[in-house]
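Novice: Each residue of the sequence shown is one higher than the last, beginning at 1 in our numbering.
There could be a bad hint or two in this list.
To be verified - Below, computed lysine-lysine pairings styled on DSBU-like, alpha-carbon distance capped at 35 Å: (1) K7 <-> K68; (2) K95 <-> K7; (3) K73 <-> K7; (4) K49 <-> K68; (5) K95 <-> K114; (6) K72 <-> K92; (7) K92 <-> K68; (8) K72 <-> K49; (9) K73 <-> K92; (10) K7 <-> K72; (11) K49 <-> K95; (12) K7 <-> K92; (13) K49 <-> K73; (14) K68 <-> K95; (15) K92 <-> K49; (16) K92 <-> K114; (17) K95 <-> K72; (18) K95 <-> K73.
Unchecked claim - Okay, the calculated beta carbon distance ranges per label pair: (19) T14 <-> G60: 25 to 35 Å; (20) F44 <-> M75: 19 to 29 Å; (21) R53 <-> G103: 33 to 43 Å; (22) I23 <-> E78: 34 to 44 Å; (23) S28 <-> A116: 37 to 47 Å.
To be clear, the hints were calculated from the coordinates, so they are not data collected in a lab.
Note that the Cβ used here is the ideal one computed from N, Cα and C, for glycine as well.
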Amino acid sequence: FDIEANKRSQYLFTSLLYHSDLIITWDSHQQVLIQLLAEHSSLFGLNVKIFSRDTEYFPGGWQYHSRKDFMKKLMEGETDSYIFHMSWTENKDNKLLFLRQLGQWFVNEQCVGKNAEEI
C-alpha cells in the first residue's frame with residue numbers, strides 16, 4: 001500500500017499499533033489493517049484508494065491462480081510489475097519458494113538471513 005503522510009494516516013498507524021493484540025490473535029496484520037482502514041475512512045475522513053485486482057503493477061494470488069497468460073508474461077519479464085504480492089502463501093518458506101520459481105527473487109543469497117552489519 002501507498003500511504004500519504006498526514007495526521008489521519010499517522011493516527012491510523014498509531015491505532016494499528018494499539019491493536020497488536022488482534023494482530024497476534026488473528027496471526028495477520030492484514031485483517032486488522034483492513035478493519036481499521038474502513039473505520040478511519042468512515043469516522044475520520046481518511047482517503048483510501050484500492051487498486052483493481054486486474055492491475056499488472058501489483059499482482060498477487062488472483063493473477064497467479066487465474067491469469068496464466070499474465071504469469072507467462074511476468075516470468076518472461078514482459079510486464080511493468082513493481083512487486084509480486086505473496087499474501088496467499090502459507091509462510092515465509094513458501095513465499096521464498098514461489099518467488100524463486102517465478103524469477104521474482106532479487107536478493108543476493110549472501111544477504112539472506114543477515115542484518116545490515118553482517119553484510
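Novice: Would you mind marking each hint as holding or not holding in the structure?
Specialist: Against the structure, the hints come out as follows:
With a C-alpha separation of about 42 Å, the suggested pairing of K7 with K68 is violated against the 35 Å cut-off. Taking the CA atoms of K95 and K7, the gap is near 34 Å; set against the 35 Å cutoff, the hint holds. Proposed proximity of K73 and K7 is contradicted: the alpha carbons are some 40 Å apart, above 35 Å. Pair hint K49 plus K68 holds up; C-alpha atoms about 27 Å apart against a cutoff of 35 Å.
With a CA separation close to 18 Å, the supplied pair K95 and K114 stays within the 35 Å bound. Distance check on the hinted pair: K72 and K92 sit about 23 Å apart at the alpha-carbon level, within 35 Å; holds. A hinted pair counts as satisfied when its Cα atoms are at most 35 Å apart, and K92 with K68 qualifies at roughly 23 Å. Taking the CA atoms of K72 and K49, the gap is near 28 Å; set against the 35 Å cutoff, the hint holds.
Between K73 and K92, the direct Cα distance comes to roughly 25 Å. Compliance with the 35 Å bound is thereby established for this hinted pair. Among the hinted pairs, K7 with K72 is inconsistent with the structure: their alpha-carbon atoms are about 42 Å apart, more than 35 Å. Taking the CA atoms of K49 and K95, the gap is about 26 Å. The hint holds against a cut of 35 Å. Distance hint between K7 and K92 is fulfilled; the C-alpha atoms sit about 33 Å from each other, no more than 35 Å.
Restraint check for K49 and K73: satisfied, since their Cα atoms lie roughly 27 Å apart, inside the 35 Å limit. Proposed proximity of K68 and K95 is supported: the alpha carbons are some 19 Å apart, at most 35 Å. Using a Cα cut-off of 35 Å, the hinted pair K92 and K49 holds, with the two alpha carbons roughly 27 Å apart. A C-alpha spacing of about 15 Å is found between K92 and K114, which places the hinted pair at or below 35 Å, so the restraint holds.
Between the alpha carbons of K95 and K72 the distance comes to roughly 19 Å, so the proposed pair stays at or under 35 Å and holds. Distance hint between K95 and K73 is fulfilled; the C-alpha atoms sit about 20 Å from each other, no more than 35 Å. In this structure the supplied range 25 to 35 Å holds for T14 paired with G60, their Cβ-Cβ distance being about 27 Å. Remark: the range hint 19 to 29 Å for F44 to M75 is contradicted by a beta-carbon distance near 42 Å.
At about 22 Å, the beta-carbon gap between R53 and G103 misses the expected band of 33 to 43 Å. In this structure, I23 and E78 meet the distance hint of 34 to 44 Å, their C-beta atoms being roughly 37 Å apart. Range check, S28 to A116: about 27 Å between beta-carbon atoms, so the 37 to 47 Å window is missed.
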